[in-house]
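Protein chains: 2
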Amino acid sequence: MLIECIPNVSEGRRSEIVTAMADAIRAVPGVHLLDFSSDPSHNRSVFTLVGDAAGVEAAVLALFDRAIAAIDLRTHKGEHPRLGAVDVVPFVPIDAATMADCVALAKRVAATVADRWHLPVFLYEEASTNPARKNLEDIRRGEFEGLAVKMQAPEWAPDFGPATPHPSAGAAVIGARMPLIAYNINLATNRLDVAKKIAAAIRHSSGGFRFVKAAGFMLDDRGIVQVSMNLTNHEKTPIFRVFEVVKREAARYGVQVLESEIVGLVPAAALHAAAEYYLQIEGFKPDQVLENRLKMRSEK
Amino acid sequence: MLIECIPNVSEGRRSEIVTAMADAIRAVPGVHLLDFSSDPSHNRSVFTLVGDAAGVEAAVLALFDRAIAAIDLRTHKGEHPRLGAVDVVPFVPIDAATMADCVALAKRVAATVADRWHLPVFLYEEASTNPARKNLEDIRRGEFEGLAVKMQAPEWAPDFGPATPHPSAGAAVIGARMPLIAYNINLATNRLDVAKKIAAAIRHSSGGFRFVKAAGFMLDDRGIVQVSMNLTNHEKTPIFRVFEVVKREAARYGVQVLESEIVGLVPAAALHAAAEYYLQIEGFKPDQVLENRLKMRSEK
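Protein sequences, first through last, are from chains A and B. Okay, so the first sequence: first residue is 0 according to numbering that gives the first Met the number 0, each after it adds one. Okay, so the second sequence: first residue is 0 according to numbering that gives the first Met the number 0, each after it adds one.
Hints may contain errors.
Copies of one chain are not kept apart here, so a pair can be met inside one copy or by any two copies together.
Claimed, not checked - Straight-line Cα separation of at most 27 Å, BS3-like style, residue types lysine-lysine; simulated pairs:
hint : residue 1 : residue 2
1    : 284       : 212
2    : 149       : 294
3    : 212       : 246
4    : 246       : 294
5    : 294       : 76
6    : 235       : 212
In case anyone wonders, no lab produced these hints; they're calculated from the structure.
The following block holds chain A by itself, in its conformation from the complex (with noise of 0.2 Å):
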């Protein structure tokens, strides 16, 4: 059973400081530290790391404890929207892992941090106890810079720990999502208008698909435009549904799709289920795909 976790750290500027992030997470066995990046403009880093329940919860205990020994937010600054020193840690269900695997994971993580730490810990998106506290966007509102004044308001109480802020590193938010896919379509055109009304189309905030954040944007080198987008659960918002509405509504404007790009990693599931629906494959098992067969031979 394993769990993705990408954990969000609001520093991006000193390499030397993410890298021991990197290998506090690598040195837990059985972790698996499939990428990092930081981002010197928004002083971000974002970790990707796969393991079982307890591999995955003791690499982010072990980062939590660098960061905070690490980050100061009074003077941090960074274009990114931020509430802590481990500002996002989401955990994501993949292989046999079930979301209530994820939420519980999340909950043990929060509560752990909040007792070593001293910090307050908010639950999000599906381990999130408190609909009006479901989005990222709507805790993170008012940064760190805020949080002090919006925790007195008693809905802004935190799940987890005291009820202030913790006066170097914040607070966390903790949570459990589906995989997130970042996915692009690409018009043969240079109107941007078009794109994003394509992308005002599909998108949850404005009549579109539950699961599509999307934004028209212009490829300046390539005089081309791009609709571009998040889908947040490709089982439910499938990216075969996506794409053909971008293409039915592009061709509305007398504009063709050009070419599609998945943006870093994708369920080998998202890939299968567009097969099966363009090949109208009736009766696929996964236990069909050879790679998943063998897969479920070698953990008897």
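With chain A fixed as given, assemble chain B onto it according to the hints.
Same frame as chain A, now just chain B:
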């Protein structure tokens, strides 16, 4: 580095013998028996196993040992053509294994089998060293009963082993090939002629795709017809291209594709290729699939 092997054995009625063969394969460390099935009317069993080269080699030799002891072709009856006790042994590259790895393994196993049991062995498909002896059907033509006469011709001298058949075990055909995908497309019509015409249009033998074998069938219980296919190299003749041509050919007769089905196992890469094609994904790399990235890390 993993290799798949799908040995076909000329015994499909005495289940205790087939079960003992399966147990012998399972007893080899690091080898996974993914599947096995027997067809009594064919009097033949097919095993699907996966492991590293050394493990698969040991399992195949264990299978030969049991088969040669238990099977006598002089009294064997069955509908399926066969030449020997272990009739055909294809090695298939999966994961990071290459075709060259499988050809080398086929030749090593062939030499050992010939030497240990005084059994003639013919190499086939990618392991063949003779263009006229690449196809299994050509090698097997005449079957066990015609083998002694056939082998008197110089062009049918075996690649390894004695110049005459083994008295009870005949000969073996050992080689290397790409994974085979059993793929069917069902048409929303009861017109068998349409299925037969489409099968003829797409199969290699009558002018179609290089790596497609196809036939048209009636599915009596459903009142529809099927184009039944074997795709013998999904990299060079991909599923999506075959599907699109079948759909196009069907439209020419006013017929629609009802559904398709994959029978048995399919390599994940064949499904990923279909997703890439239909979603027009540019610049996609296999290591963007979360599961692949994870596997690469685990192997380090």
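Verification of the supplied hints:
1. 284 / 212: between (30 Å within a copy, 24 Å between copies)
2. 149 / 294: neither (48 Å within a copy, 44 Å between copies)
3. 212 / 246: Close inside one copy (17 Å), not across copies (34 Å); limit 27 Å.
4. 246 / 294: neither (36 Å within a copy, 34 Å between copies)
5. 294 / 76: Neither: 45 Å inside a chain and 38 Å across chains, both beyond 27 Å.
6. 235 / 212: within (14 Å within a copy, 37 Å between copies)
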